[in-house]
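For the sequence shown, UniProt numbering assigns the number 1 to the initial residue and increments by one for each residue that follows.
Bear in mind the hints are in silico, worked out from the structure with no lab data behind them.
A hint or two may mislead.
[Said to hold, decoys possible] Here are the computed lysine-lysine pairs in the BS3-like style, where the Cα-Cα straight-line distance is at most 25 angstroms:
#1 Lys27 with Lys143
#2 Lys143 with Lys30
#3 Lys27 with Lys136
#4 Lys101 with Lys136
#5 Lys101 with Lys30
#6 Lys123 with Lys11
#7 Lys27 with Lys101
#8 Lys27 with Lys11
#9 Lys11 with Lys143
#10 Lys143 with Lys123
#11 Lys11 with Lys136
#12 Lys11 with Lys30
#13 Lys2 with Lys101
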Amino acid sequence: MKDLIITAVIKVYQYDELNEADQALVKTAKDATARSYSPYSHFSVGAAALLGNGIVVTGTNQENAAYPSGLCAERTTLFYANSQYPDQPVVTLAIAARTEKDFIDRPIPPCGACRQVILETEKRYGQPIRILLYGKECIYEIKNIGDLLPLSFDASAMEE
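Sequences are here, hints too, so could you generate the full structure?
Below, the structure is given as C-alpha cells:
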C-alpha cells in the first residue's frame with residue numbers, strides 16, 4: 001500500500017492586492033448578487049466570467065420551491081457564456097456571495113455540481129479557468145478546477 005498525496009496551491013489576496021482587471025471582475029460578481037432570486041435561502045450568489053474576447057457575462061443563483069429545480073450562479077453564468085459565445089473560452093470566473101446583511105467574510109467555493117461544469121468547460125475549450133472567490137476578509141485565486149476537484153471524472157474515463 002502507498003499513499004497518494006494531492007496538494008493544491010491557492011493564493012490568498014486582499015482586494016487591494018488584485019490588479020485593476022481582477023478588481024473589476026470581482027466587483028461585477030458582487031454587483032450580480034443583487035439580481036439573485038433567493039427567496040428561500042436568502043443567500044445571494046453572483047458570478048462573472050471573463051471570456052477570451054474580453055466580454056464579461058454574469059449570472060446569479062436562481063432558487064425554486066422545488067429545490068432541485070434551482071441553479072447556482074456559476075452554472076447559470078457558464079451555461080449562458082457557452083450558449084451565447086460558443087467559440088470563446090472562459091478565462092477567469094469570479095464568484096461572490098452575500099446574506100441579506102452583507103457579503104460573507106470568507107470566500108465560498110463552488111458546489112460539486114458547479115465544479116463538474118467548470119471542469120467540462122475547461123475540457124471543452126482546452127484551457128484552464130482561473131477562479132477568484134471573494135470574501136470580505138480575503139480573495140482566493142485558484143489556477144484551475146483541478147485544484148478544487150482532484151481525481152475528477154471527465155470523458156477520458158469512458159475511453160477504452
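We went through each hint and held it up to the structure:
1. Lys27 with Lys143: Answer holds: lysine 27 to lysine 143 is near 19 angstroms, not above 25 angstroms.
2. Lys143 with Lys30: Distance of about 20 angstroms is within 25 angstroms: holds.
3. Lys27 with Lys136: Answer holds: lysine 27 to lysine 136 is near 12 angstroms, not above 25 angstroms.
4. Lys101 with Lys136: This hinted pair holds, its Cα atoms lying about 13 angstroms apart.
5. Lys101 with Lys30: Measuring from Cα to Cα gives roughly 14 angstroms; hence the hint holds.
6. Lys123 with Lys11: At roughly 23 angstroms apart (the allowed maximum being 25 angstroms), lysine 11 and lysine 123 satisfy the hint.
7. Lys27 with Lys101: holds (17 angstroms)
8. Lys27 with Lys11: holds (19 angstroms)
9. Lys11 with Lys143: holds (9 angstroms)
10. Lys143 with Lys123: Cα-Cα ~15 angstroms, so holds.
11. Lys11 with Lys136: holds (15 angstroms)
12. Lys11 with Lys30: Holds: lysine 11 and lysine 30 sit about 20 angstroms apart, inside 25 angstroms.
13. Lys2 with Lys101: violated (48 angstroms)
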